Amino acid sequence: MTFNKLGCLVAAATLSMSAFAQTKGMSDNVIRIGILNDRTGPYSTLSGEGSAVAARMAAEEFGNKVRGVPVEIVVGDHQNKTDLGVSIARKWLDADGVDAIFDVAHSAVSLAIAAMVKDRPKLVFHNSGAAALTGKACAPRSVQYMYNLTATALNQVVPQDVKNELDTFFIISVDYAVGQDNARVFRQAVAKAGGKVIGEVKHPAYTADFSSYLLQAQASGAKGVFFANAGQDLVNIAKQAVEFGIAPKQTVIAQAIMASEVEGAGLDVLQGMRSVSFYEWNINDTSRAWAKKFSARMKGQTPSGPHAATYSAVRHYLKAIEAAGTDDADTVLAKMREMPVQDAFTPNGRLREDGQLVHDMYVFRVKKPSESTGKGDYAQVLRTIPAEQAFWPLSESECAHARKP
Amino acid sequence: MTTGIITALGTASSNRWGRATWLGLIALALLLAAPFTGVYTEFVLHALCLALFASAFNLLFGFGGLLSFGHVAFFGSGAYTTAYALKVWGVTPEVGIVLGMLAATALGLVFGALAIRRQGIYFAMITLALAQLLYFLFVQAPFAGAEDGIQDVTRGRLFGLFDLDHPLAIYYVVVAICLGGLAVVQRVVQSPFGHVLEAIRENEARAISLGYRVNSYKLGVFTLSAALAGLAGSAKVLVLQLATLADVSWHLSGEVILMTLIGGVGTLAGPVIGAFVLVGLDTSLAESGIASGMVQGALFIACVLVLRRGIWGFFADRLERARTRH
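Chain order of the listed sequences is C and L.
Taking my numbering, the leading residue of the first sequence gets 1, the next gets one more, and so forth.
Taking my numbering, the leading residue of the second sequence gets 1001, the next gets one more, and so forth.
Treat the hints loosely; a few may be bogus.
Straight-line Cα separation of at most 27 Å, BS3-like style, residue types lysine-lysine; simulated pairs [what the hints assert, rightly or not]:
| hint | chain 1 | residue 1 | chain 2 | residue 2 |
| --- | --- | --- | --- | --- |
| 1 | C | Lys-136 | L | Lys-1087 |
| 2 | C | Lys-239 | C | Lys-118 |
| 3 | C | Lys-292 | C | Lys-65 |
| 4 | C | Lys-118 | L | Lys-1087 |
| 5 | C | Lys-299 | C | Lys-335 |
| 6 | C | Lys-65 | C | Lys-239 |
| 7 | C | Lys-367 | C | Lys-335 |
| 8 | C | Lys-91 | L | Lys-1087 |
| 9 | C | Lys-293 | C | Lys-367 |
In short, the hints are calculated from the structure, not lab data.
Please read these numbers as outputs of a predicted model, since none were measured by experiment.
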């Protein structure tokens, strides 16, 4: 008898809950946001707690409430361990009622979460660069917010460079998938701009001595040398390029330069090096004002790309919830596509069908020590690439659902 | 050390209904009831897979006395093979697991044959070098997907019948796989083969003089350990649905050694406890803001200084003493 009563109660509760969910209101009366990144390892300065602070700053702009529903932010440390990141993400989505995951900033974890949201009504906003995220492995509820590695490589050389007699290039690339992809896209960019690649050499990951590669680049007489590598490899090769006298004579172009790398190696070493970036904290008044606020909360740290992108993504997400009046993943995402992104991260962003946020990118060179006004002031923007040109056109996308008419 | 290990084993084997056995039964009951207690089961499964991996490592290190620093090669080759077979060939999970285990076994036979020619630190270095070779193979090989790994692996239907996407199905299947693996480790340790291994560990020259073909025994246990590590890797793919470079990176080789040492080297329960402690720390501290690496480091130092024989080794000693006093 009691069991029957209990059964009825449970059944009634389940029914009412499913009815509630169908009204597309706010699920479980809280908007729960998960910031998943490396909080204690090598990338903790680049993303880490800074991204959580950035997300909180975005939520505070809404008074930590959207349409009366509180916004809650949880953080997770994946320690750059894929399995751990995947476990945390799955627990968040399945058991902890997290509505959307932000930052991630680790390609393998990002790809795994993109696969998870295929059959879960949840959203994920990656600050990871893997081209597959908006290519072969694209998923309807997964957004590549900050950048795309191939888009970066695509913008390294433009026709203007060739007109300015920067027309021959030598590529030094790290010998694994990302390096090879970047080298391949760089070749396409050079061909499109009307320049010529006159040589390429591959080096294994974690090389300490780059002399033989650099000497080949020097002997080639190319006007530009492209380093398709990252992290410690980039810092090492950049230092050695200066020692071999390559840097001032030949234009050095790097796949990516992070502020931490500039601080690690010094402006005197990296000065004049060129690259493409997706975020500059002093591009306009909005971005400068936000960077100042962020610095005040992060003991003077200048915001990095992932910090600003996390802020922007959370802000845009909450704005879309406010406009749509629901936190239903698909409705919110549709709203996010409708509304342009205009904030401290980018003055000109738009969320595309394939899950790519297209926004302005910047060609910059590292400042001379005499030009820098202090910590965080390292980049001089040479050229802004408008959002529509900066990314692969949608018509050439490898993403199946985006190509559909 | 030796007597300690034997007594630790003794509590589990000779005295059939000793306290250790009761503790084991309670742990088993908890494990089987876990999905109904509100525990997040995927954490248990992840920890179990690493527990099996640590036990496989412990079979070689704790009982065979061979410190392999490249055991991740077998875990990883099992994981990649299963992931590839499930995703690309679309085989059923049991076939995927068997293929993963076969790959790890074959690799174990080759690596083992090379490594057992040397002893001590040279043995460890050879296994590390071979594992690094494999790591770079997976970095380069097109089928392995480089730093993205093999993602979004379908779990499929076991024997074409049970849909493993059901949380209870995957839970009990992986629990069964891991417990089966652990049972094999226990059986091997208590078999005559296991006793010969201990003899070789304690005094190799004497074992040779007694007429044992030491190298065959070493190769046997190396291959067996590799096969079980491969099984653990395959099971992990079923749980997390991906295989990445983290599964073949030397960090995991280090972690598995840490698990074994913290739990208690040369005991059956030790590696399992160590795996649950370390995975538990990683998962529970992930949302706390405390660096889990620091806590693990402190725990390791504490174990070295205070619990010389690991967490389980310490308790097994206590249990043994309590038993002999009566």
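Taking the hints in turn, this is what the structure says about them:
1. Lys-136/C <-> Lys-1087/L: 15 Å, holds
2. Lys-239/C <-> Lys-118/C: Not OK: Lys-239/C and Lys-118/C at ~44 Å, beyond 27 Å, violated.
3. Lys-292/C <-> Lys-65/C: 24 Å, holds
4. Lys-118/C <-> Lys-1087/L: Holds, because 16 Å separates the two Cα atoms, which is no more than 27 Å.
5. Lys-299/C <-> Lys-335/C: 35 Å, violated
6. Lys-65/C <-> Lys-239/C: At roughly 49 Å apart (the allowed maximum being 27 Å), Lys-239/C and Lys-65/C break the hint.
7. Lys-367/C <-> Lys-335/C: Not OK: Lys-367/C and Lys-335/C at ~40 Å, beyond 27 Å, violated.
8. Lys-91/C <-> Lys-1087/L: Holds, at about 23 Å.
9. Lys-293/C <-> Lys-367/C: Roughly 24 Å between the alpha carbons, so the hint for Lys-293/C and Lys-367/C holds.
Comparing the model with each earlier hint shows violations of hints 2, 5, 6, 7; every other hint is respected.
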